[in-house]
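Colleague: The opening position of the sequence shown corresponds to residue 1 in the UniProt record's numbering, with each subsequent residue numbered one higher.
Worth double-checking, as some hints may not be accurate.
What the hints assert, rightly or not - Here are the in silico distance ranges between beta carbons for each label pair:
hint, residue 1, residue 2, range
1, L163, D38, 22 to 28 Å
2, A128, D164, 35 to 41 Å
3, F104, E50, 30 to 36 Å
4, D172, M1, 21 to 27 Å
5, A135, N3, 31 to 37 Å
6, G73, E10, 23 to 29 Å
The hints are simulated quantities; they were obtained by calculation from the structure and are not laboratory data.
Quick reminder that beta carbons are idealized off the backbone N, C-alpha and C, glycines included.
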Amino acid sequence: MTNWCQNRLEVHGNARLLMAWRAAQRGPSPDYGPRIQDLSFHAQLPVPREVMARGYGTGGLPELHRAIQIQAGQQDPTPHLPLERAAWQAAYWGSSRDADDVTFTEGPEQLVLSFATAWAPPIPWLEAVAALWPALNFELRSIEPGNELYVHMRLESGNIVSLDERAPTLQDLQDWGYDLDEESPGT
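Turn these sequences into a full structure, and let the hints steer you where they fit.
Modeller: Laid out in structure tokens, this is it:
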């Protein structure tokens, strides 16, 4: 069963550029069929065809270990073989699945997105997207209590300016709506 990471992404910048960014995030997801979603990691960082051809979850645990090595900047032990899709998405998006349960809120020179990801926040995806949109500033907050993970990340001019990864505090859990006697938000 998947542990869902809750994410809140704030995007700041010129209103016209924000609308262009929002439009660029729309697209179909390789995970959820042909329907268009408001936030698809695939829209800005598409899964390569050779990876799609290998299928999803076909490599098992060794393939996920390989993805972790790649994400950590280590040499790919089998560079001649494309990753299968779940492993590729984990390595290059930070989540083995595309964004889910997406909501957008618009404000003056700001967009706020709330969405869920599988197991972890989409840090590699956000790094890639921030580099493509250096005139925008990004702030990501994510929580996944089952893995004792809380992330706060800020990117400006396409670069990470701060990254805090730690276990969530009781206050973090309360701020995200977790019932301290339960494991899921809002219960």
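Colleague: Compare the structure with each hint and give your call.
Modeller: Structure-based check of each hint:
{"no.": "1", "hint": "L163 with D38: 22 to 28 Å", "result": "holds, 26 Å"}
{"no.": "2", "hint": "A128 with D164: 35 to 41 Å", "result": "violated, 20 Å"}
{"no.": "3", "hint": "F104 with E50: 30 to 36 Å", "result": "holds, 32 Å"}
{"no.": "4", "hint": "D172 with M1: 21 to 27 Å", "result": "holds, 23 Å"}
{"no.": "5", "hint": "A135 with N3: 31 to 37 Å", "result": "holds, 34 Å"}
{"no.": "6", "hint": "G73 with E10: 23 to 29 Å", "result": "holds, 27 Å"}
Consistency with the previously given hints fails for number 2 only.
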